[in-house]
Amino acid sequence: MEKVKNGINGKVTAATLLVALGIIYGDIGTSPLYVLKAIIGERPITEILVYGGISCVFWTLTFQTTIKYIWLTLKADNHGEGGIFSLYALVRRYRNWLAIPTIIGATTLLADGILTPPISVASAVEGITNFKGLEDIPTVPIVVLILSALFFFQRFGTHKVGSTFGPAMLVWFTMLSTLGLIQIFYHPAIFKALNPVYAIRFLTEYPHGFWLLGAVFLATTGAEALYSDLGHCGRKNIRITWAAVKVCLLLNYMGQAAWIMNLGEGNLLNGQNPFYEIMPNWFLPFGIAIATLAAIIASQAMISGSYTLISEAMNLNFWPRVAVRQPTELKGQIYIPSVNNILWVGCILMILYFQSSTHMEAAYGFSITITMLMTTILLAHYLYYKLRLNGWLVIALVLFFGTIETSFFIANVAKIKERWMFLFFELFIFLVMYVWFYARKINNRFTKFVDLGKYVSEIKELSQDETIPKFSTHLIYLTKANNRHEVEEKIIKSIFARKPKRADVYWFVHIHRTEEPYTLNYDVSELVDDKVIKINVNVGFRIQPRTELYFKKIMQELVANKELNLHTRPDGSTKYNSEPDFKFVVLEKFLSVENEFALKEGVLLNSYFLLKRMGLSDERAFGLEKNDVIVEQVPLVYQAASKIELKREGNEEAKA
Amino acid sequence: METDFSKMLNEKYFSRSNRLIEVTLKNGKKINGVFISFFLGDQDSNEPYIRRWHIVEEKYKMTLGIDAFGFRIGELINQKDIKSIKFLDDNSQMQFE
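Sequence lines, in order, name chains A and B. 352 is the number that my numbering gives to position 352 of the first sequence; each next residue is one higher, with no gaps. 83 is the number that my numbering gives to position 83 of the second sequence; each next residue is one higher, with no gaps.
Worth flagging that the hints you see were computed from the coordinates, not collected in a lab. Idealized CB from N, CA, C, for every residue including glycine. Keep in mind that the hints are not guaranteed to be accurate.
[Claimed, not checked] DSS-like, lysine-lysine: derived pairs with alpha carbons at most 30 Å apart:
no., chain 1, residue 1, chain 2, residue 2
1, A, K499, B, K26
2, B, K61, A, K493
3, A, K647, B, K7
4, B, K29, A, K480
5, B, K80, A, K600
6, A, K441, B, K59
7, A, K493, A, K583
8, A, K589, B, K61
9, B, K59, A, K600
10, A, K647, B, K29
11, A, K600, A, K460
12, A, K480, A, K583
13, B, K29, A, K460
14, B, K83, A, K441
15, A, K499, B, K83
16, A, K441, B, K26
17, A, K531, B, K86
18, B, K26, A, K236
19, A, K480, B, K7
20, B, K83, A, K454
21, B, K59, A, K480
22, B, K7, A, K531
23, B, K12, A, K493
24, B, K61, A, K417
25, A, K441, B, K80
26, B, K26, A, K589
27, A, K480, B, K80
[To be verified] One side only, chain B facing chain A, incomplete, derived with CB under 7 Å:
no., residue
28, D42
29, S45
30, L64
31, D67
32, F96
[Claimed, not checked] One-sided and incomplete, this derived list gives chain A residues near chain B with beta-carbon spacing under 7 Å:
no., residue
33, N96
34, W97
35, K441
36, V450
37, D523
38, E526
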């Protein structure tokens, strides 16, 4: 049974269907703006090209979108959430190397995401060149203006305009189907194109037909987004709305194809976009306005999706900590300034570089084929290990979808020459994720733990030793140890080494990131009553940890339940106020000169510490107030020196 | 699923008050002392819960395994290299093969 997460998940009403329509179909829903134009291009119109192209679009939407994503992939919900990281969280325990397809999939998803806003908005805005006298109007500044405004307003959240997305997309899909139906009426034979024979002939008989799959693929680039947005809408809402959306999309594609066929075989499109050509002249201004609105909604979906992707990447330790803001009280709505800036610059550079949607069509889609292949790999593990499907059936499904996606990948390879600059961006994202993930693993492997129980009596003694000045009433350490009796060795060193830290209560707080998206609970173990306390806070991977807030809340509950004395004594440090004083100690590692690494480890760790310096500080990442935090630097020593062959020269003389 | 001996050892070892042990390694070497710390394994890589132990002579049991100048005391041994462990107070034994 589907779990209710965001208010609409799990239930199906007219309102939830409308919300789903507004959130998830921006990308796939705006594809009719450019797909047919890209397939036909500058080729002469023939039945095999038009019917075959439509047939390929229909079967792609059927196999790739309906069967793979709507039917199969949506089954892989992680407590209601979808997307490549949610899928990874479900299957990571089965194969260590699954981190690699996850990193590749997320990287490529983000990279092609940079093209979604410019291609959608440019395609829509270019509609105004259909007006007489405006044929040569420069559309690039308009696109730059729209995109810049869109990125600027992200910081205020989308809660106020978000409610209009659903009705706007309803108008969009109604327009698509109506315009399509009118054209089909003039050329009903277009229904024959649904016959797969046309698709086969298109791929095998039409000259270079296979390579046109790169253009066909543009019809399904938004399929991955259907899965990523599972958490926002719920499986049932997506499945029901997809049935209607698919019909609207097909009617429009077939309507455009019917219009093209009516131009007559052998003719050329001559740069006309069939999407706008099927509109009556009087409707054109409305059509362009609706298309622009739909393109903005598509762009918004991509931007929000990128925030979610990076947020999940951070929580699953694939991305350095960066500032995350919550512009509204709405659950799950986040704003990541650094991601916003990268996307804004990326999108503007794209439109300035490509200048028109036609050039972008030649570059768009390549990376998404890789994302889909990576999702297939992860999905296969989910189907086999979690759903316990028969191994042969899983292999058959992988081969089937793998073949389709590999074909799309090969057909899209030609786009590399148009999008070479993306390779640098992709390489950068990939390296950041790879370094962060694997360097953290190395880091964790060499973190030493001790039995906390062994030091309890010493901690108690230190707490009562009044010859040592009091450091804080409540001293709090963040620990990575899951087990209640364990704690990092460096924490014990921090308490006792140099100037011992005397406190009334010693807390050891462990933030445990769960594989479930929205878990938020805790347990408390008192190793010594009111003196040494270990707290384990379970935080879902979609939640930004706010450690200080959680800690104070837990403390408040413990005091209310009379399980904890706050130590607000009249003769103590809190004489002048009733606030308990806290000190969080954050132990920040640095690479010590003593470390000796193998080449790979050395490169990974040096890059990791470089990224760490560029990212958010530990105290901010854990949501700690600066005035309550002490940061201590501790060396990350891999091999503590044991035996050094250091000879003293002239010993005999010295002795003599 | 394979038995995680390190987890069993961890539970048994830290629940005892007398922690003096004799470790026999697979290469035949015997070490007497107490475990003072350990390194956790990477669960995603199917490593044992504890992959490495730090053992010191009993007289150093309250140290953190380094002397005043930062030099290591005792030895680091891999969980996979341990053949058996004898608890010296009651002569009970854990075999890891």
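Now the hints, each set against the structure:
For the hint linking K499 of chain A to K26 of chain B, the alpha-carbon distance of about 42 Å lies beyond 30 Å, and the restraint is violated. For a cut-off of 30 Å, the pair hint linking K61 of chain B to K493 of chain A stands: about 15 Å separates their Cα positions. Distance check on the hinted pair: K647 of chain A and K7 of chain B sit about 43 Å apart at the alpha-carbon level, beyond 30 Å; violated. Simply put, K29 of chain B and K480 of chain A have alpha-carbon atoms about 33 Å apart, too far for the 30 Å limit, and the pair is violated.
Note on K80 of chain B and K600 of chain A: the hinted pairing holds, with a Cα-Cα distance of about 24 Å set against a maximum of 30 Å. In summary, the hint linking K441 of chain A to K59 of chain B is not supported, as the alpha carbons are separated by about 33 Å, beyond the 30 Å threshold. Straight-line distance between C-alpha atoms of K493 of chain A and K583 of chain A comes to about 17 Å, which keeps the hinted pair within the 30 Å bound. Distance hint between K589 of chain A and K61 of chain B is fulfilled; the C-alpha atoms sit about 26 Å from each other, no more than 30 Å.
A hinted pair counts as satisfied when its Cα atoms are at most 30 Å apart, and K59 of chain B with K600 of chain A does not qualify at roughly 39 Å. A hinted pair counts as satisfied when its Cα atoms are at most 30 Å apart, and K647 of chain A with K29 of chain B qualifies at roughly 29 Å. Under the criterion of a C-alpha separation no larger than 30 Å, the hint pairing K600 of chain A with K460 of chain A is inconsistent with the structure, at around 43 Å. The hinted pair formed by K480 of chain A and K583 of chain A meets the criterion: a straight-line CA distance of about 18 Å does not exceed 30 Å.
Pair hint K29 of chain B plus K460 of chain A does not hold up; C-alpha atoms about 38 Å apart against a cutoff of 30 Å. Taken as a hint, the K83 of chain B and K441 of chain A pair is honoured in the structure, with Cα atoms around 27 Å apart against an allowance of 30 Å. For the given pair, K499 of chain A sits about 41 Å from K83 of chain B by alpha-carbon distance, which is inconsistent with the 30 Å threshold. At roughly 28 Å between alpha-carbon atoms, K441 of chain A and K26 of chain B fall within 30 Å of each other, so this suggested pair holds.
With a C-alpha separation of about 34 Å, the suggested pair K531 of chain A and K86 of chain B falls outside the 30 Å cut-off, and the hint is violated. Between the alpha carbons of K26 of chain B and K236 of chain A the distance comes to roughly 57 Å, so the proposed pair goes past 30 Å and is violated. Using a Cα cut-off of 30 Å, the hinted pair K480 of chain A and K7 of chain B holds, with the two alpha carbons roughly 17 Å apart. Proximity of K83 of chain B to K454 of chain A is assessed by CA-CA distance (about 26 Å); at most 30 Å being required, the pair is judged to hold.
Restraint check: the Cα-Cα separation between K59 of chain B and K480 of chain A comes to about 29 Å, which is no more than 30 Å; the hinted pair holds. Taking the CA atoms of K7 of chain B and K531 of chain A, the gap is near 28 Å; set against the 30 Å cutoff, the hint holds. For the hint pairing K12 of chain B with K493 of chain A, the CA-to-CA distance comes to about 25 Å; that is within 30 Å, so the pair holds. The suggested pairing of K61 of chain B with K417 of chain A is violated, with an alpha-carbon distance near 64 Å, which exceeds 30 Å.
Between K441 of chain A and K80 of chain B, the direct Cα distance comes to roughly 20 Å. Compliance with the 30 Å bound is thereby established for this hinted pair. Only pairs whose Cα atoms come within 30 Å are accepted, and K26 of chain B paired with K589 of chain A is rejected, the gap being roughly 35 Å. A threshold of 30 Å between alpha carbons decides the hint, and for K480 of chain A with K80 of chain B the separation of about 24 Å falls inside it, so the pair holds. A cut of 7 Å between beta carbons decides the hint on D42 of chain B: the least distance to chain A is about 6 Å, and the hint holds.
Hint on S45 of chain B holds. Least Cβ distance to chain A is approximately 5 Å, under the 7 Å limit. Interface hint status for L64 of chain B: upheld, as the beta-carbon distance to the closest one in chain A is roughly 6 Å, under 7 Å. Taken as an interface hint, D67 of chain B does not check out: its beta carbon lies about 10 Å from the nearest beta carbon of chain A, beyond 7 Å. Here the hint on F96 of chain B is broken, as its CB sits about 20 Å from the closest CB of chain A, past 7 Å.
Look at N96 of chain A: its Cβ gets to within about 5 Å of chain B, closer than 7 Å, so that hint holds up. With its C-beta approaching chain B no nearer than about 10 Å, W97 of chain A sits outside the 7 Å limit, and its interface hint is violated. Look at K441 of chain A: its Cβ gets to within about 6 Å of chain B, closer than 7 Å, so that hint holds up. The restraint placing V450 of chain A at the interface with chain B holds, with a minimum CB-CB distance near 5 Å, inside the 7 Å limit.
The closest approach between the C-beta of D523 of chain A and any C-beta of chain B is roughly 19 Å, which is over the 7 Å cut-off, so the hint fails. Hint on E526 of chain A is violated. Least Cβ distance to chain B is approximately 18 Å, over the 7 Å limit.
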